[in-house]
Amino acid sequence: MSYPSLAEKLAALKVSEPTEYERSCLESVNAGDYEIGVQRTADILDEGYEVFMRSSRSQMGVAGDSIVAIFNAQGDLVNASAGTYLHAVIPPIVIKYILKNFRENPGIADGDIWYTNDALYGGIHNPDQVAIMPVFFEGELVAWTAALSHTTETGACEPGGMPVSAKSRFDEGMNLPPMKIGHDHVLRHDVIEMFAAFGLRSEVSVTVDLRARCTTADRVRVRLLEMFAREGKDFVTGLFRRMLIEAEQGARKRLASWPDGVYRCATFSDSAGTEHGLMRNCFMTMTKRDDTLHLDFTGTSPENGSSYNAHPQAVIGHLANYIYEYVFHDLPISSATFQPIDFEFPPNSMLSPAPNAATSCAVMAATGAMSSIANCVGRARFGTTEWRQVTASLGNGGNASVLAGVSQWGMPFADMLAYTINTEGQGARSHSDGINAYGFPWCAFGRAPDVENMENELPMLVPFSQHWPDSGGAGKHRGGVGTAQLWVAHHAPYVIFMSIADNSIVQTPQPLFGGYTMPTCPGLSMEGVDIPELLRAGEEGTLDLASLLAGKYGGQIVSETYARTARPVMGDQVITLGISTGGAGYGDPLDRDPQAVEKDVTDGLISDWSATDVYAVRFNERTGRVDPQATAAARRDVLAERKARGKTWDEFHEGWSRRKPPEEVLGLYGSWPDGAVVNPLMRM
Amino acid sequence: MPSTIHVAEYLDLDVDAERWRCHSCGHDVGDARENYKRGLLIHERDPGEVHPPLIDGEFTFAPNPEWIRILEFYCPGCGRQVETEYLPPGHPITHDTEIDLDSLKRKLASGELHIDEHGKLEVTA
Ligand SMILES: [Zn+2]
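Line by line, the protein sequences give chains U and E.
The opening position of the first sequence corresponds to residue 222 in the working numbering, with each subsequent residue numbered one higher.
The opening position of the second sequence corresponds to residue 722 in the working numbering, with each subsequent residue numbered one higher.
Just so you know, the hints here were simulated from the structure itself, not pulled from any lab data.
Be aware that one or more of the hints could be misleading.
Stated by the list, open to error - Straight-line alpha carbon distances no greater than 27 angstroms define the calculated DSS-like cross-link-like pairs of lysine-lysine that follow:
hint: 1; chain 1: U; residue 1: 474; chain 2: E; residue 2: 826
hint: 2; chain 1: U; residue 1: 454; chain 2: U; residue 2: 388
hint: 3; chain 1: U; residue 1: 235; chain 2: U; residue 2: 474
hint: 4; chain 1: U; residue 1: 321; chain 2: U; residue 2: 454
hint: 5; chain 1: U; residue 1: 388; chain 2: U; residue 2: 321
hint: 6; chain 1: E; residue 1: 841; chain 2: U; residue 2: 321
The model shown is predicted, which means the values in this text are computed figures rather than measured ones.
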């Protein structure tokens with residue numbers, strides 16, 4: 222076997238040295254033609270992205286949870302259109318692997334279609350799959366194209382592609398190393414049959430998404446060939462190399478203004494698959510020096526025997542989500558922007574597990590890294606003229622649920638209930654609140670499906686969708702709120718339900734500069750609820766989260782963790798309450814404008830209790846409006862109470878340093894408090 | 722030439738004096754080569770005081786207080802909540818911001834960086 226080592230993966234992320242020929246081509250690209258050339262690649266990619274969404278079948282593909290990319294002949298990522306930034310820097314690992322290992326046998330030829338979904342070889346997790354095509358111009362390899370997207374079925378031990386009960390990669394269904402699945406511009410029929418067999422639970426979405434990736438990679442290839450024919454090989458080769466150079470310079474320039482120093486963040490999570498336990502899911506040490514960053518994950522908890530592990534390049538993909546949304550938002554999507562960033566991953570940690578590890582819930586394992594990077598970069602950047610780009614962490618809950626079975630149309634299906642993940646709250650910003658129900662932290666451009674669309678595609682009803690009060694972290698600037706949506710099985714004798722997400726005991730994101738983070742998310746279902754009454758209230762618009770939790774519709778609330786293994790739910794029963802996390806809060810809640818607090822109450826974004834007890838706002842009982850004098854007095858009292866009850870550093874540590882969480886919850890943590898590996902993990 | 726950077730929502734960094742100061746009240750929070758949290762007051766809370774559980778049972782809308790606590794850091798001068806951190810009981814407080822003062826001073830002296838009128842760092846064009 223020759224799967225790439227960590228060192229080889231990190232080396233593949235670095236941009237290749239320009240060849241003599243490329244250097245000579247640089248001269249043929251003048252400033253005006255460069256601008257037009259860059260825009261032309263963007264137009265080609267945007268067309269590809271549109272083709273991709275329109276030809277995909279799964280909810281994630283239709284939502285645009287994808288990326289379309291162009292690479293130079295050596296496999297460096299030159300530009301892309303997204304979708305999700307998860308794949309904004311890491312696909313070169315796969316192309317460079319193909320170039321290194323398969324040039325002779327089976328060979329790389331015009332019309333090839335290459336494919337992989339195996340994170341061991343460079344991806345995120347196996348639902349994320351990529352089709353790659355070499356671009357040959359006048360018989361010579363001149364570029365590569367790729368189309369990547371998430372399909373919610375892999376033939377694993379549970380439906381939906383992200384099994385929470387997987388113990389090793391052998392429980393995760395289809396894992397294909399980079400391989401040629403088509404030649405002479407034709408996708409092999411035996412390969413399609415293999416996908417259909419692995420995708421038996423949801424054959425149509427698996428095979429249609431496969432074809433969508435191939436057709437998208439090919440569309441971009443055809444457009445690139447038109448560009449080569451029109452502009453000439455010298456120009457396009459020079460353009461690609463210059464795009465890499467400019468992207469790197471742009472990234473270095475951005476980093477140069479931040480004060481040199483060391484920035485740290487510790488985040489925690491509560492579960493590895495079905496096993497509950499405290500984990501330090503990220504300990505980030507970010508060293509910023511001149512125009513470089515060094516990210517060290519030493520101190521992150523050990524790998525575990527569940528699917529809540531992430532291979533290192535998957536972690537880097539998750540960092541790209543934040544970095545491209547907030548730091549490099551105006552730079553091309555290109556591996557060159559990460560040229561100034563180096564990484565250190567401790568071996569056998571949950572962010573650098575052994576090759577046989579299950580990693581299909583890598584998206585859960587990496588939430589700590591996603592949250593920590595927002596925190597560390599925010600601290601490094603606030604003291605600069607870029608301070609407006611500083612935000613508290615996004616929700617990063619990823620409360621993803623899967624529904625499977627046979628639909629009301631008689632079709633086998635396994636798909637994600639994409640509403641919840643696409644309506645998380647944005648982290649509070651340094652100058653304003655986070656956006657409510659802003660979107661999916663993993664895919665800034667993803668779209669929440671319409672309820673009508675969900676009810677039409679899947680055997681279910683959605684009696685209500687609403688903002689979830691108090692779900693955004695409190696602060697001077699409030700985290701955007703998430704949403705709540707109730708799901709009822711309907712039009713089918715039964716459905717299979719399962720859910721990932723590990724934020725029911727502790728929340729992962731840390732808040733910023735004195736705010737609070739978001740509440741935990743329990744996994745709630747309702748037994749014996751009066752469904753007809755519930756639907757009537759939904760029609761009338763009186764059904765809401767508070768009345769449901771208060772037991773107004775009878776029955777009993779069953780509370781579990783949000784992550785639940787696959788189980789049947791009978792028709793016309795509540796499947797679960799889908800809730801999405803809000804964003805983390807920013808700044809002291811006592812500094813929040815009392816009028817904004819009043820408006821939040823009126824809009825149903827926070828409770829009366831929060832207004833009084835967290836924000837210390839006082840209202841005129843007769844008018845219900847803010848009482849400015851009483852509020853100012855109440856806030857003065859709280860400030861004085863804080864000064865009276867706060868302890869000095871030494872006083873505080875007398876008690877604190879002798880404490881420890883209960884031994885029985887530290888089984889997944891590693892050594893206390895450093896998170897180092899204590900016992901080697903044995904996988905079957 | 723200003724020598725103070727508005728380095729966090731509630732913290733100023735006086736580069737010349739090498740001191741952290743409260744941005745709201747000017748209180749001297751301590752040596753800028755040390756963790757600024759050493760100069761703040763610390764209070765520990767049950768997370769349920771900020772996040773009401775709303776339902777009964779083991780899994781609720783409040784973090785489990787045996788697993789995680791909220792630490793609040795206050796300015797001793799004005800009582801502002803300068804920072805918060807959600808930590809397991811006994812977990813070391815994070816040294817989150819360790820600015821390299823020598824490098825900063827060197828870059829300000831050479832003119833590579835400057836501090837603008839709002840106390841923000843910028844690369845000199
Ligand atoms: Zn103060």
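Quick rundown of the hints versus the structure:
no. : hint              : verdict
1   : 474(U) <-> 826(E) : 19 angstroms, holds
2   : 454(U) <-> 388(U) : 49 angstroms, violated
3   : 235(U) <-> 474(U) : 18 angstroms, holds
4   : 321(U) <-> 454(U) : 24 angstroms, holds
5   : 388(U) <-> 321(U) : 32 angstroms, violated
6   : 841(E) <-> 321(U) : 47 angstroms, violated
In summary, the numbered hints that this structure violates are 2, 5 and 6.
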